[in-house]
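Colleague: So the sequences go chain by chain: A and B.
Take 1 as the starting number for the first sequence in my numbering and just add one per residue.
Take 1001 as the starting number for the second sequence in my numbering and just add one per residue.
Just so you know, the hints here were simulated from the structure itself, not pulled from any lab data.
Note that the structure is a prediction, hence the values are computed from the model and not measured.
Positions of the beta carbon are idealized from the N, C-alpha and C atoms, including for glycine.
Treat the hints with care, as some may be off.
Unchecked claim - Once the Cα atoms are required to be at most 16 Å apart in a straight line, the calculated EDC-like pairs of lysine to aspartate or glutamate come out as:
(1) B:Lys1205 <-> B:Asp1162
(2) B:Lys1196 <-> B:Glu1220
(3) A:Lys158 <-> B:Glu1094
(4) A:Lys158 <-> B:Glu1141
(5) B:Lys1182 <-> B:Glu1192
(6) A:Lys98 <-> B:Asp1162
(7) B:Lys1118 <-> B:Glu1031
(8) A:Lys158 <-> B:Glu1031
Said to hold, decoys possible - Label-pair ranges, simulated between beta-carbon atoms:
(9) B:Pro1017 <-> A:Pro26: 27 to 35 Å
(10) B:Ser1180 <-> A:Ser35: 24 to 32 Å
(11) B:Ser1144 <-> A:Thr44: 44 to 52 Å
Stated by the list, open to error - Only some residues are given here: those of chain A computed to face chain B with a beta carbon under 10 Å:
(12) Gly62
(13) Leu91
(14) His122
(15) Glu129
(16) Ile133
(17) Ala134
(18) Leu136
(19) Ala149
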Amino acid sequence: MKGKRRTASPRRDRGGLEWVKKRPLPIVNVLIADSEKASRNAATRVIQSMRGMRIVGEARTGHEAVSATARLKPRVVLLDLQLSSEFGASLISVLRRKSARTRVILLVGRASEERILEAFSHGAVGCVEKKHIARLLPKALEAVASGEAWMSRTLIPKIVDRLAVFTERKKK
Amino acid sequence: MSDRARVSSSVVLIASPISGVRGQWTQGLQEKYPLYEAVERSSLERSMSTLKPAILLLDLALPGLGGVDGVPAVQRLSPPTSIILMTSTPNDREGFSALKAGARGYCSLDMDPNLLRKAVSVVVKGEIWVARNVFAPLLEELTSLTERRHKEFPPNLDTRLDRLTPREREIAQLIGGGASNKEIAGRLNITEATVKAHLTAIFRKLGLSDRLGLALFVTEYNRVAR
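Sequences and hints are given; from them, build the entire structure.
Modeller: In structure tokens form, the structure reads like this:
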């Protein structure tokens, strides 16, 4: 992830996603880990319609998610936030240890911001509400596959507040 | 946040040494907000203290500011003000530092007036306006700080394990080591039926559904607690 940060990124221009598509990127392997059939289907439809993305597996439980991630080393895991709660948000840390390159996008049904932030603290880098999968998952996948993060702007102040808490604690 | 809400009218203070820049910002904002101007450090300080504006649009090249490092001092003159930093050479790293310094926005100096209006209205609402590129470094920082904290203070996983009886905890640890019910029964000198009964209680107390989930939970617990 480090070293990939670009200065003066063309992405800053409006509509600047074109340059990503022009680059011959390798196929992005995606694992879908969700207990709900409807969300798995919605995500499947989105990924099948995207160029450069491929579904490598499906998981229905947290345990399946861990073993599939360890075996398949997908670039991206779409993870039902509900699943991760079986183990506390630490399921995400487990996934990242099983496959260091894997990046986690949360699929969120009904969940408090607190739980989403907790998942971000454990290393998730994207978040899409389940009801917006069709519209927003493509953007989230593109962003995360190219090393960026994807979330609602409204979460940013909460993240900054959390960072501020850490910084203040350090000063004491 | 309550401080920000208390700012009555959304006064915007624009601070840049370049009149063309101030003109462009004015064009985007004048219909919606009462505007005031500052052209260098001392007039900025005066206006911040007396006006307590809702928003300060601050050109990072303002003479005497000293870049991002100078932001906290300006903020102290009016804590409720949300500062949006404007720069001719935006980059992710500086955007990240800007947020850490307390800025609520980080934008390109020659941003489109309509987009600027949107950015200001977002920040007035209490949100933050930065390029998406800055999101990733923010999250990286959050994750690494969290991991460091977890090393110093083991996280709340252990409170869940505390609900178990010593016997149940013993069995949970054996499951974490990959033992079968039969092995556990032999090891603890109890029947397999008793092991199963203990497991049912453990699953219920931890909110888990199967032994593989439990194994994972215990492994993770042991790793963090170490």
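Colleague: Decide, hint by hint, whether the structure agrees.
Modeller: Going through the hints against the structure:
1. B:Lys1205 <-> B:Asp1162: It holds: about 10 Å lies between the C-alpha atoms, which stays within 16 Å.
2. B:Lys1196 <-> B:Glu1220: Violated, at roughly 22 Å.
3. A:Lys158 <-> B:Glu1094: The given pair, whose Cα atoms are some 20 Å apart, is violated under the 16 Å limit.
4. A:Lys158 <-> B:Glu1141: With a Cα-Cα distance of about 14 Å, the restraint between Lys158 of chain A and Glu1141 of chain B holds, given a limit of 16 Å.
5. B:Lys1182 <-> B:Glu1192: Distance ~6 Å between Lys1182 of chain B and Glu1192 of chain B Cα, so the pair holds.
6. A:Lys98 <-> B:Asp1162: 27 Å, violated
7. B:Lys1118 <-> B:Glu1031: 13 Å, holds
8. A:Lys158 <-> B:Glu1031: Distance of about 30 Å is beyond 16 Å: violated.
9. B:Pro1017 <-> A:Pro26: 27 to 35 Å: Given about 47 Å between the Cβ atoms, the range is violated.
10. B:Ser1180 <-> A:Ser35: 24 to 32 Å: Distance hint for Ser1180 of chain B, Ser35 of chain A holds at roughly 27 Å.
11. B:Ser1144 <-> A:Thr44: 44 to 52 Å: 33 Å, violated
12. Gly62: 6 Å, holds
13. Leu91: 8 Å, holds
14. His122: With a closest approach of 7 Å, the His122 of chain A hint holds.
15. Glu129: 17 Å, violated
16. Ile133: The hint is violated - Ile133 of chain A has no Cβ within 10 Å of chain B, the shortest such distance being about 19 Å.
17. Ala134: Check failed: Cβ of Ala134 of chain A comes no nearer than 20 Å to chain B, outside 10 Å.
18. Leu136: 13 Å, violated
19. Ala149: 4 Å, holds
Going down the numbered hints, you'll see the structure goes against 2, 3, 6, 8, 9, 11, 15, 16, 17 and 18, while the others check out.
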